[in-house]
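Engineer: Spelled out, the chains give:
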Amino acid sequence: MFAMPSGAEIQSIIGTLRFGAGYFIPELYLSALFMVLIILDLVLGGRKNRTLAAATIIGLLGSFYFIFQQHALPDAEVFFGMYALDRFGIFFKYFFVLTGILSVVISMEDEQLNGQDAGVGEYYALIVAMVVGMMMMASSTDLLMMFLAMELVGLSAYVLTGYLKNDQRSSEAALKYLVYGAVSSGMLLYGFSLIYGLTAQTNISKICMELTQHGYDPLVMILATLLVMAGLGYKMGAVPFHFWSPDVYEGAPTPITAYLSTGSKAAGFALLMRIFFVAVPHVSEGVEDMLSIDWLTIMMIISAASMIYGNVVAIWQKNVKRLLAYSSIAHAGYLLLGIITMDKIGTQAVLVYLAGYLLMNIGAFYVVVLISNKTGSENLDDYKGLGRKMPLAGAALTVFLISLVGLPPTFGFIGKLMIFSALIGKGDLFMWLALVGILTSVISLYYYMYIPLNMFLRESGKSDAGEPRIGMVSNIVTAVLMILTLYFGLFFQPIAQFAGYSASMFGAALN
Amino acid sequence: MLSLIVFLPIIAGLIILAVPASQKQAIRIVSLLAAVAQGVLAVLIWRQYDPTMAGIVAAPGGSPVGSFQLIERIPWISLNLGSFGPLTIEYFIGVDGLSITMVILTALISIIGILSSWPIQKQVKGYFILFNLLSTAMMGCFVALDFFLFYVFWEVMLLPMYFLIGIWGGPNREYAAIKFFLYTLFGSVFMLLVMIGLYFSVVDPVTGNHTFSLVAMADQHNYVAGTILGPGSVMWRYAAFIVLFVGFAIKVPMFPFHTWLPDAHVEAPTPISVILAGVLLKLGTYGMMRINFPLFPEVYQAGMYVIGIFGAINIIYGAFCALAQQDLKKMVAYSSISHMGYVLLGMAAGNSEGMLGALYQMFNHGTITAMLFLLVGVIYDRAHSRQIEKFGGLASYMPVYAGIVTVAWFASLGLPGLSGFISEAFVFVGAFTAPVTRPIAMVSVLGIVFGAAYLLWSLQRMFLGKRRPDALYELEKDEHGHEHIHFHDWNGKLDLDARELTMLIPLAIIVIALGIYPMPIMGMLTASINKLVTVLAPVASAAVH
Numbered sequence: 001m002f003a004m005p006s007g008a009e010i011q012s013i014i015g016t017l018r019f020g021a022g023y024f025i026p027e028l029y030l031s032a033l034f035m036v037l038i039i040l041d042l043v044l045g046g047r048k049n050r051t052l053a054a055a056t057i058i059g060l061l062g063s064f065y066f067i068f069q070q071h072a073l074p075d076a077e078v079f080f081g082m083y084a085l086d087r088f089g090i091f092f093k094y095f096f097v098l099t100g101i102l103s104v105v106i107s108m109e110d111e112q113l114n115g116q117d118a119g120v121g122e123y124y125a126l127i128v129a130m131v132v133g134m135m136m137m138a139s140s141t142d143l144l145m146m147f148l149a150m151e152l153v154g155l156s157a158y159v160l161t162g163y164l165k166n167d168q169r170s171s172e173a174a175l176k177y178l179v180y181g182a183v184s185s186g187m188l189l190y191g192f193s194l195i196y197g198l199t200a201q202t203n204i205s206k207i208c209m210e211l212t213q214h215g216y217d218p219l220v221m222i223l224a225t226l227l228v229m230a231g232l233g234y235k236m237g238a239v240p241f242h243f244w245s246p247d248v249y250e251g252a253p254t255p256i257t258a259y260l261s262t263g264s265k266a267a268g269f270a271l272l273m274r275i276f277f278v279a280v281p282h283v284s285e286g287v288e289d290m291l292s293i294d295w296l297t298i299m300m301i302i303s304a305a306s307m308i309y310g311n312v313v314a315i316w317q318k319n320v321k322r323l324l325a326y327s328s329i330a331h332a333g334y335l336l337l338g339i340i341t342m343d344k345i346g347t348q349a350v351l352v353y354l355a356g357y358l359l360m361n362i363g364a365f366y367v368v369v370l371i372s373n374k375t376g377s378e379n380l381d382d383y384k385g386l387g388r389k390m391p392l393a394g395a396a397l398t399v400f401l402i403s404l405v406g407l408p409p410t411f412g413f414i415g416k417l418m419i420f421s422a423l424i425g426k427g428d429l430f431m432w433l434a435l436v437g438i439l440t441s442v443i444s445l446y447y448y449m450y451i452p453l454n455m456f457l458r459e460s461g462k463s464d465a466g467e468p469r470i471g472m473v474s475n476i477v478t479a480v481l482m483i484l485t486l487y488f489g490l491f492f493q494p495i496a497q498f499a500g501y502s503a504s505m506f507g508a509a510l511n
Numbered sequence: 001m002l003s004l005i006v007f008l009p010i011i012a013g014l015i016i017l018a019v020p021a022s023q024k025q026a027i028r029i030v031s032l033l034a035a036v037a038q039g040v041l042a043v044l045i046w047r048q049y050d051p052t053m054a055g056i057v058a059a060p061g062g063s064p065v066g067s068f069q070l071i072e073r074i075p076w077i078s079l080n081l082g083s084f085g086p087l088t089i090e091y092f093i094g095v096d097g098l099s100i101t102m103v104i105l106t107a108l109i110s111i112i113g114i115l116s117s118w119p120i121q122k123q124v125k126g127y128f129i130l131f132n133l134l135s136t137a138m139m140g141c142f143v144a145l146d147f148f149l150f151y152v153f154w155e156v157m158l159l160p161m162y163f164l165i166g167i168w169g170g171p172n173r174e175y176a177a178i179k180f181f182l183y184t185l186f187g188s189v190f191m192l193l194v195m196i197g198l199y200f201s202v203v204d205p206v207t208g209n210h211t212f213s214l215v216a217m218a219d220q221h222n223y224v225a226g227t228i229l230g231p232g233s234v235m236w237r238y239a240a241f242i243v244l245f246v247g248f249a250i251k252v253p254m255f256p257f258h259t260w261l262p263d264a265h266v267e268a269p270t271p272i273s274v275i276l277a278g279v280l281l282k283l284g285t286y287g288m289m290r291i292n293f294p295l296f297p298e299v300y301q302a303g304m305y306v307i308g309i310f311g312a313i314n315i316i317y318g319a320f321c322a323l324a325q326q327d328l329k330k331m332v333a334y335s336s337i338s339h340m341g342y343v344l345l346g347m348a349a350g351n352s353e354g355m356l357g358a359l360y361q362m363f364n365h366g367t368i369t370a371m372l373f374l375l376v377g378v379i380y381d382r383a384h385s386r387q388i389e390k391f392g393g394l395a396s397y398m399p400v401y402a403g404i405v406t407v408a409w410f411a412s413l414g415l416p417g418l419s420g421f422i423s424e425a426f427v428f429v430g431a432f433t434a435p436v437t438r439p440i441a442m443v444s445v446l447g448i449v450f451g452a453a454y455l456l457w458s459l460q461r462m463f464l465g466k467r468r469p470d471a472l473y474e475l476e477k478d479e480h481g482h483e484h485i486h487f488h489d490w491n492g493k494l495d496l497d498a499r500e501l502t503m504l505i506p507l508a509i510i511v512i513a514l515g516i517y518p519m520p521i522m523g524m525l526t527a528s529i530n531k532l533v534t535v536l537a538p539v540a541s542a543a544v545h
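Quick note, the sequences are listed as chains A and B, same order.
So the first sequence is numbered by my numbering: it starts at 1 and just counts up by one.
So the second sequence is numbered by my numbering: it starts at 1 and just counts up by one.
Source of the hints: derived by calculation from the structure; they are not laboratory data.
Values in this document were obtained by computation on a predicted structure and should not be read as measured data.
It cannot be assumed that every hint is accurate.
[Stated by the list, open to error] Under the rule of at most 20 Å between Cα atoms (straight-line distance), these lysine-lysine pairs were calculated in the PhoX-like manner: (1) A/389 - B/24; (2) A/318 - A/384; (3) B/477 - B/493; (4) B/125 - B/179; (5) A/48 - A/165; (6) B/179 - B/24; (7) B/477 - B/466; (8) A/384 - B/477; (9) B/122 - A/389; (10) A/176 - A/165; (11) B/122 - B/24; (12) A/389 - B/125.
[Said to hold, decoys possible] Label-pair distances were calculated between CB atoms; the ranges are: (13) B/25 - A/483: 27 to 35 Å; (14) A/377 - B/205: 57 to 65 Å; (15) A/377 - B/25: 34 to 42 Å; (16) B/48 - A/61: 52 to 60 Å; (17) B/86 - A/171: 15 to 23 Å; (18) A/428 - B/206: 26 to 34 Å; (19) A/377 - B/175: 24 to 32 Å; (20) B/72 - A/72: 37 to 45 Å; (21) A/493 - B/50: 34 to 42 Å; (22) A/68 - B/11: 49 to 57 Å; (23) A/427 - B/86: 17 to 25 Å; (24) B/512 - A/427: 52 to 60 Å.
Here a beta-carbon is modelled for each residue, glycine too, at the ideal position from N, C-alpha and C.
Whole structure, please, built from the sequences with the hints as guidance.
Structural biologist: As structure tokens, this is what we get:
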């Protein structure tokens, strides 16, 4: 039994919490937003989809203000070392709020989702809950907090995936996601517990200190590493922990697919970077350390396997959502390349790549939703001849896909450029990985271009009478996303600078 | 002024974006105006160009931009990369002897391309937007002096080309378009790796920062020892040279990477074939001269005879393949492969004569092949077929056409007095002078014989003699007993019409004039070529080790 804390101790705990709350405002604000949305859902009657969506967007936009305020605060660990406020976290806070907003925008378009009898209910509230969870994943500095944050994201995601109650595929996807998620959470927890057993610490910087000072049993550490990688690999959708992703991405409502493949994946990477860069001790040369080599070898294999598997299997996909699911496995591989270099330029590259991925991936899914609203299908064959009927959507989708391939002048190219720069900056050490990355991106061109090929080069066999009309707002959103993808492909300085600033947080941890 | 010539077509493209798709004529006229304005600018640049300034590389201790002309240099991206120092990318363009010829050629071929696109009726708006985008990218490639900028323009070319072949092409267009795309992308992704490697290996002598400037990269003194492509890193320098060379060779196209070309040409509409053969192929050899060789001179020295052998294979293999073709356009496509072989051979010689011949051949091949493809397009418009065997005796019914065909065909086979002869002669003089390529040159001469064979044979089968029994046109006699022919589904003028003449006559004049007096073009090249040869010479490359 614990002894009752004395009054002074309680005072000090309350003081710490109060102090911490000052650094936790965006998260608190979004939690409040979550509850406001649930109440709004209860209070409002009739068709309230649009109102709820608008409230979510406005609420999320409002959080930008609070995040912006945090720039002024000094870096700090709060809540007894559970949570940190730093530039790295702030970058991801912007990222996740933006992802949330764009997912809501896509959700407003999705007719399948809005056509549900039961309405959307707590759908938007759950999206906000996921934003909070992902923010916490990116900012946690304690193994327990990390696990809790991941579970918050996971649980919201399971419900969102199965949101189309009458769609068998959606329910199947949710169940699969849940089962795989439970297994991987268990593995992650097991890994964490082994680390705790080795060090008696849960704070990642203290773990690092313990490991450097007292040494560790390499075998146990490798096991722990593998288990942690399995848990995170599931979130990132990297081979061999990717099995859930094609089915889930295909079955989930498309806005949620976009959300999962961008937000949840990025959160996994944020967490990985924090654990990997902070908890794992580095000697000055980085690669000579026994433990680092194990981490690195595992990650190199995972990265190469993801790039090859994702890109090769995507060739045979006939469903656009499934195709993009495999492509997102491949992109997890490219992102890992940046982490493997373990230096500032690599981290910066990962952040830039994620920013690009946000734009192009969400953009692609947005157009997929617009098209499936008109054709009622996500099959590649139904894309035939659409380019002439929907020129703007077709052109935009082509730009997004070209960006996903990584061709200039798009944002995706900048991401690839920086990742490969980071690799080659290390000399010939990672040259083979760079070659795998380069060659698989040639493969990716083939399947990505298959979509514009159907849209522009082939004529539709069907003669449908109605000319599909796309609303003004949708056109503007599409055009803005397309122009941003191109603009940042040519003038990427601000984003790259901000990413570099955020990556510099790790400072001495990276060489 | 250079920026204007690069971005005029894109401006036209943006204007077209605002024009409703039904205003086909307006769209064409906007494009034509932009192309003509480009042409005027090209002439102005040509008049202004000082042929005594060499370019290629900056003099040691001299201006960092070297003796390039019409330079525009603006910082574009500047990032702090911590231990790597600042990352700087510049918008850096300028011309020297190598690029100015290509700028003039591109401007000329763009006008021709727009004119020959006039009859296109399908999705006119999209077509001209893509065409203008392509035109900007090509021009940009030739003037870019920053590797990053070059790479951006290089890759931007692919997508418009893919759609131009894929949407407006022939029956097998999907296959041809994706094959073109995959082949060229395969070549260029390695270029990305080499580009990054070079960035980390080269420092700007003035600022001491890493740089993408091709002018700085061309000077071996700017390479840092111990870096991945720095002096002494023999294996990686060889690897980088080879992958760059393959990347450019795919574009040339060099045997064995040539198979996309006949497919692309056969499926592409006439104007796109003209652009492809007239300008795009030159980008490959231009890239070699501008980037591949000067950046890795010692590897170039070691590999000269290999390049020469590939050149010879291109010349002879291309000619043999052309000899076997039934399809006229395919024959012309293979003749392109054969003629680009001369460029490779000239470059392999490594002396001023060979290099000069190679660069001049690039220009001449551009004009001559443009003519060839236009002429193929003329007959295809009328007969909807290009089977050489399905004609015969056309000379008596289409005399003007036959006359221009003769000029183009003879220019292509290198008849003295026409421009092709001069460049091929220089290539052979160079190749015979250089000991390395002498035996290769002896074999390559056979290519001229085979070249004459397929050209003359096709000329004879199509234009001379009598109408074949299975010909694609009908023979009629009018009341005076004169024979006339007419093609099915062709209501236009039988012989060349005004638009076709506007395209072909100036080209024919250029081909003849430059065959008699080559100095207007050649005069501009010599200083740069001599400089290039000294940069590539063994003495200079010895400094690397």
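Engineer: If a hint holds in the structure, say so; if it does not, say that too.
Structural biologist: Outcome of the hint check:
no.: 1; hint: A/389 - B/24; in the structure: holds (18 Å)
no.: 2; hint: A/318 - A/384; in the structure: holds (13 Å)
no.: 3; hint: B/477 - B/493; in the structure: holds (18 Å)
no.: 4; hint: B/125 - B/179; in the structure: violated (25 Å)
no.: 5; hint: A/48 - A/165; in the structure: holds (18 Å)
no.: 6; hint: B/179 - B/24; in the structure: violated (31 Å)
no.: 7; hint: B/477 - B/466; in the structure: holds (15 Å)
no.: 8; hint: A/384 - B/477; in the structure: violated (49 Å)
no.: 9; hint: B/122 - A/389; in the structure: holds (14 Å)
no.: 10; hint: A/176 - A/165; in the structure: holds (15 Å)
no.: 11; hint: B/122 - B/24; in the structure: holds (10 Å)
no.: 12; hint: A/389 - B/125; in the structure: holds (14 Å)
no.: 13; hint: B/25 - A/483: 27 to 35 Å; in the structure: holds (29 Å)
no.: 14; hint: A/377 - B/205: 57 to 65 Å; in the structure: holds (60 Å)
no.: 15; hint: A/377 - B/25: 34 to 42 Å; in the structure: holds (38 Å)
no.: 16; hint: B/48 - A/61: 52 to 60 Å; in the structure: holds (54 Å)
no.: 17; hint: B/86 - A/171: 15 to 23 Å; in the structure: violated (53 Å)
no.: 18; hint: A/428 - B/206: 26 to 34 Å; in the structure: holds (29 Å)
no.: 19; hint: A/377 - B/175: 24 to 32 Å; in the structure: holds (26 Å)
no.: 20; hint: B/72 - A/72: 37 to 45 Å; in the structure: holds (41 Å)
no.: 21; hint: A/493 - B/50: 34 to 42 Å; in the structure: holds (35 Å)
no.: 22; hint: A/68 - B/11: 49 to 57 Å; in the structure: violated (38 Å)
no.: 23; hint: A/427 - B/86: 17 to 25 Å; in the structure: holds (20 Å)
no.: 24; hint: B/512 - A/427: 52 to 60 Å; in the structure: holds (56 Å)
Hint violations for this structure: numbers 4, 6, 8, 17 and 22, all remaining hints satisfied.
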